[in-house]
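> Below, each chain spelled out in residue letters.
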Amino acid sequence: MSDYRVLPGPEHFLPPAAASMGIRLPNPGEAHINGVITSEDKAYEEAARQFLMAKVPTIFPGPLVLWAWNEKAAKKATAVRHLFNTLKECVQSGQKPMLIPMPDYRPKYPKINPEVEINPNHPNLTIWHNKIDCCMFIGVHCHQANLSLKIIRGGTSCYTIAMCAQAGHEDAMLSFRDASVEKLMKLADTIKRLKGTVQPRLTSAKNGVSS
Amino acid sequence: MSKERIQISEALYDIMPSDYQDLVKSATYGKEDRGWKDIGTSKELIEQHSLCAGCPESMAFRYILASLPNPEDTVMVGSTGCTSLVFPMVAVHNIHSLFGNQNAIASGLKRALSVRFPGRVKDVVVLAGDGATVDIGLDMTLQAWFRQEKFTTICFDNELYANTGGQESGLMQKGFVAKMAPVGKLFDKVRLPEIARESGCHYVVNCTVSKPSLVEKVIRNAVHVAREIGPTYLQLYTPCILEIGKNSMEGLQEMRDSEKPTERFAYKEYISEPAKQLLAELAAKDKERKAAAKQLAGQASA
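Those protein sequence lines, which keep their order, are chains A and B. First residue of the first sequence: 1, per this note's numbering; consecutive thereafter. First residue of the second sequence: 1, per this note's numbering; consecutive thereafter.
Take the hints with a grain of salt, since some may be wrong.
Selected chain B positions facing chain A (Cβ under 8 Å, derived; list incomplete) [to be verified]:
no., residue
1, 10
2, 11
3, 16
4, 48
5, 51
6, 54
7, 84
Hint data in this document are derived by calculation from the structure and do not stem from the laboratory. In this text the structure is predicted, and so the values were computed from the model without any measurement. Ideal Cβ positions, reconstructed from N, Cα and C, are used throughout, including at glycine.
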């Protein structure tokens with residue numbers, strides 16, 4: 001097993017792909033935290049803690065949930081909204097949860113409004129602008145998510161969570177796989193359960209694990 | 001596909017940036033008789049772009065995007081140049097190719113689309129500058145025409161390499177002195193419209209973009225002919241006002257001056273016999289449709 005750990009950055013200009021450092025993807029029913037395979041239950045707890053600790057916990061829904069391609073996508077979008085509403089209810093004053101869309105993958109260079117959207121080709125702009133210290137990707141095609149997660153790890157200290165509908169992401173600090181409405185609801189329930197048990201941190205994330 | 005297929009998830013509608021909401025609400029995807037007259041009353045398929053103020057290329061882009069007959073099922077292929085600054089802001093599927101290989105990419109794309117979506121009309125439109133079309137990519141341009149690939153090639157002819165400072169291109173006029181071509185062009189402008197005709201293009205037009213209705217007509221014709229018969233080519237004059245020493249407001253006049261009967265962008269059109277027949281059929285159908293609509297409107301008001 002690799003000694004490499006997927007931790008919040010800034011790692012450096014071009015962080016290595018975690019896969020190239022020996023980090024492997026979880027099997028069905030598993031997740032990973034910092035590149036270490038773990039049970040899904042432990043990942044729910046850790047993801048909830050990270051959200052509740054963050055000053056600006058943010059969800060980035062991607063095109064697969066923002067656009068109503070089919071009934072499943074629309075239901076997932078509703079679950080994403082439920083998760084965000086739960087997060088808003090559970091944070092303390094001073095914390096500022098955000099829900100920022102990634103509507104498509106056009107580079108939109110050089111015009112991007114980081115207040116209202118995130119772009120996979122320069123996600124660091126949105127993270128810097130809004131001082132986001134914990135984020136979750138959901139509904140982003142894997143190749144674009146990998147690109148963004150690496151850029152975020154390279155240039156920011158933001159903690160990244162991937163709620164992936166496929167096999168997960170090595171480049172996120174915490175990754176679920178086979179994302180579904182049920183998993184989003186379970187994460188929301190975990191956040192609700194841990195409400196009040198986690199103190200928000202005063203500074204941006206610097207290490208990759210909660211206390 | 002039609003506008004009905006492009007919908008935002010209701011639960012997340014409010015967080016979508018307004019330009020996406022506008023695209024869903026008032027863009028002309030799926031509208032049968034879309035055209036340049038929709039500009040100003042509907043959401044355009046081009047967002048803010050980073051071209052220079054007054055650039056005729058931006059006018060051309062707006063007219064072309066307003067005139068594509070089937071934008072929701074069209075893939076545009078771009079290449080290196082000023083156009084590549086615009087494509088990221090365009091709400092039509094597009095691919096950025098390497099410098100010059102745009103027609104090779106489009107050939108494969110068109111074939112792949114016809115295999116993947118056999119029952120559906122999928123248009124491919126190449127849009128590249130004169131450097132990509134005539135100099136660096138001439139081989140790919142011509143080979144696609146020789147093979148009778150069914151897509152449209154549009155060349156934005158600004159007669160030099162504009163975004164690298166004004167180097168000489170094959171379409172530059174003889175004797176022209178540019179910033180990076182101080183000796184002046186020693187050879188004639190390449191006669192690509194004539195070459196296109198001889199290479200098997202079924203619809204070829206050489207013109208400026210000063211008249212939106214003309215641009216609309218030639219775009220629609222070129223796309224329809226390419227869809228049914230074979231390759232088509234449009235060479236549109238989009239002068240680089242910076243490189244020819246003009247002001248932002250002078251682009252339109254430059255085009256008007258260059259399209260006079262004796263000038264190099266006087267309207268030139270070539271249509272093959274099968275294409276003529278197709279366009280006549282389409283015109284007849286269009287006339288019929290309009291007459292029926294008029295009759296229907298008359299009955300409704302009576």
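> Does the nearest C-beta of chain A fall within a distance shorter than 8 Å of the C-beta of residue 54 of chain B?
Violated, about 19 Å.
> Can you verify the interface hint for residue 48 of chain B: is its Cβ closer than 8 Å to any Cβ in chain A?
Holds, about 5 Å.
> Please check whether residue 84 of chain B passes as an interface residue: C-beta within 8 Å of a C-beta belonging to chain A.
The hint is violated - residue 84 of chain B has no Cβ within 8 Å of chain A, the shortest such distance being about 10 Å.
> Mind checking the CB of residue 11 of chain B against every CB in chain A and telling me if the closest is under 8 Å?
4 Å, holds
> Holds or violated: residue 51 of chain B as interface residue toward chain A, Cβ cutoff 8 Å?
12 Å, violated
> Please verify that hint: residue 10 of chain B, Cβ, nearest Cβ of chain A, below 8 Å or not.
This interface hint holds because 7 Å falls under the 8 Å limit.
> Given residue 16 of chain B was flagged as interface, is its beta-carbon under 8 Å from a beta-carbon of chain A?
Cβ of residue 16 of chain B sits 6 Å from chain A, so the hint holds.
Comparing the model with each earlier hint shows violations of hints 5, 6 and 7; every other hint is respected.
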